[in-house]
Amino acid sequence: MSTASAATATRNDAGPSSLEVSLFCLREWLKSAAPYLNLLGIVGFIFLWYLLTEKLKVPWFNKLPGPVGVYGEWVSPDPSYGISLYTPEYYQHIVTSIWRVLQAFFLATFLGVPVGLMMGWKKTFKDYTFPLLETLRPIPMLAWVPLSILMWPGREASIIFLTFLGSFFATVLNTLLGVESIDEVYFRAAHSLGAKPRHVFLKVILPGALPFIFTGLQISMGFAWFSLVAGEMLAGEYGLGYLIWNSFIMVQYPVIVIAMVTLGVIGWLSSALIRLVGNRLMQWKVREEIR
Amino acid sequence: MNTAEALSVPAPRGQISIRNVSKVYDPEGARVLAVDNCSMEIAAGEFCVVVGPSGCGKTTLLNAIAGFHGITSGEILLDGKLLCGPGKTPPPGSDRIVVFQNGALFPWYSVLENVTFGPVVQGVMPEREARDRARELLSQMGLEGIESNYPSEISSGMRRRVEIARAMMTDPSVLLLDEPFRAMDALTKTVVHQFLLDVYDRSNKTIFFITHDLEEAIFLGSKVYIMTTRPARIKTVLDVDIPRPRDFRVLSSAKYIKLKKECIEAVHEEALKAFKAGEREMA
Amino acid sequence: MTTAVIAQGFNWTRCRRKIANISTARGIAAIVVFTIVWELCTRLHVPIIGNVPAPSAVLAALGKQLVSAEYWLSWRDSCLRILSGFVLAQVLGIPLGLLMGMNRTARELIYPVFEIMRPIPPLAWVPASVIFWPTSEMSMMFVVFLGGFFTVVLNIVGGARSIDIRYIRAAHSLGSSRSDIFWRVMLPATLPSIVVGMTVGMGITWAVVVAAEMIASRSGLGFLTWRAYVAGEYPLIIIGMMSIGIAGYMSSALIRFIGSRLTPWLRVF
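Chains as they are written, first to last, in our numbering: chain P, 1 to 291; chain D, 292 to 574; chain X, 575 to 843.
No lab work stands behind these hints, which were simulated from the structure alone. A quick note: this is a predicted structure, and the numbers were derived from the prediction, not measured. Note that beta-carbon positions come from the ideal geometry of N, C-alpha and C, so glycine has one too. Be aware that a few hints might be false.
[Said to hold, decoys possible] Here are the computed distance ranges between Cβ atoms for each label pair:
id, chain 1, residue 1, chain 2, residue 2, range
1, P, Pro35, X, Cys653, 41 to 47 angstroms
2, X, Tyr741, D, Lys372, 53 to 59 angstroms
3, D, Ser443, P, Glu184, 46 to 52 angstroms
4, X, Ile820, P, Arg280, 54 to 60 angstroms
5, D, Ser443, X, Leu640, 54 to 60 angstroms
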């Protein structure tokens, strides 16, 4: 019955709302075997981890922290290594890392998107900038670590610079790719309808490149976390990457896993957030995909 | 034609003179002639159809009128003013709106935003007014109820009609249609044909329509130019004196069949030539 | 007379070649200007950029490095790590990815675990891997392996799932067996995504190996760069970075070459 009402809604007005669609998808998903298999997979993985490290204590694996130990430490109000859900230090590391990523990511977006758009829009601009970009790009952002420490006064600036670099290239290249993927016919149509250059920019180039820009932003967010961890491991004083490295040196192994899982969750949340914003801005794309 | 004149519509504008136009690609190298010495006089408010085999150079002609590229020799005049000549390419303008082969509705804008695009970017009317006009136009054209849909959500026939509506919004002198119904199934085609004829009868715009479909050409046009295979030259000009308004019944009328017979041979000969040229190309 | 389409195509390549020439000139000009500005900045002690060793100093140090055995040994070590970790990632990742792409149950069992692990940056694995593996060499290989593994698996799963069902139906109706469908339809159809996964994976692999060498090794290009910083031989940092860039570029080019050989039907340019 709900299926039928969703179908008629498509025909009548602007189509089903995104909430309706996601509810419908959720219901269908729950009816299939998928969620239970998914759950089984994850539980199986954790159980295997437990078996290897804590139950059977297989050689090599027995040196690793097991899930029970990690969980116990994580939720303990009085953790033996000083980091758990109840300690302010834990949140201080998280906030420091997030704050660094945010600064670098927004800097990269606000510089990278306009540069990418300009490169796609003006051939001359691309001619001058693209080769330079291509020369620098094959250098992995992590190879920049020593140079960035050398360049910037203080750790904070060098870590942010490093994080920024990783995001910047991904953003610029994807934006450029986005502009270049716009069919020539849309430019012609806009000209024919009397659009001036600024309209072409705002109403054709920008929306046309938006899907690629958002793909780029997701990639760039991943790179930002990637380089942040490296930067923090080598030069940090706080932050999750530093926490991992420091716990390693201090032989506080469960904390390593806590920090890794936390990184994973935050990394996932940040890219989910970008997807959400992207879908908000690109209703036309979302509806195209539903079809 | 006479019926359209009988209706009290504003004085038609959009008279196009194409005089001895030639277009050579790569003037310094291979020197390939795409259009060879074409002349056409298209009266204001005339429905002019150009038929020719695929890739014969008819789009080149349309692009020159639209202002997407220049011509090598000859001149094109719009309402007596020089539009296009050697060394003079007009910028694409809203007085000559193009409807493209595969459609060019912006997928990122809703139907309403697409239709109001022209007036909004030209700044000729405030957005609210443009919207009201667009709604009015869409409902006049039988396209109400889809304003807030995105192009991907409506059928291809619907999309093409919206695109024509978008072109009409800016009140152009000329509509340039570049094989707009090319990839459409026969049933949808009859609907959009009727739609285009209605629009034409109501607005009396000059229409420059390119197609490779002979039946479409005779059914729609007042004057049909049959082009040769590359380089494009005018082979035959056909006056279609079937009265307007026309509808699907025309397709079975004796006059239509006679006209069709008349030019089928001319076209067939060209099609063969084009096909052979095409085979040579692939080899 | 040649026909217009050919002529247009011909015209286009000529045209493009001409544009390419102007573009190349502009690109070279930009790089030259960039280098001069960089040199000037270091000479004038402009803040931040001025701290970077000058191109002239880098050039001077380069001569010494090119004849030192240690420099080339760094190359060899890094390349060996890349090669072993990357090949291992492909050897394990491609079958697993294909299995997950073909078999729904396998996918739904294993994929979520991947989804959970993926957002963890590969470098975060370094300490855990050092704890686990007996030698630092093995732990580095493992981290490199992880970097390539996730990318290739996720790309294959995506590629296998987006195969047009019509191809499989066509193969069925032409009388293919299950193994025919796998070898003659699914595998070639996923090949482009495997190549993409390998190309992206190669980039990530280099980033990982460099960082891992900085953190936990005593050899390789990453270590060379890091040691240059620690020892205060700043021009060597730039040489290290450039070497890593060149190495990364060459390995990507190699992958692209192999990829275009594997998927000749995609060769458009």
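Structure versus earlier hints, numbers of those that do not hold, lowest first | 3 and 4
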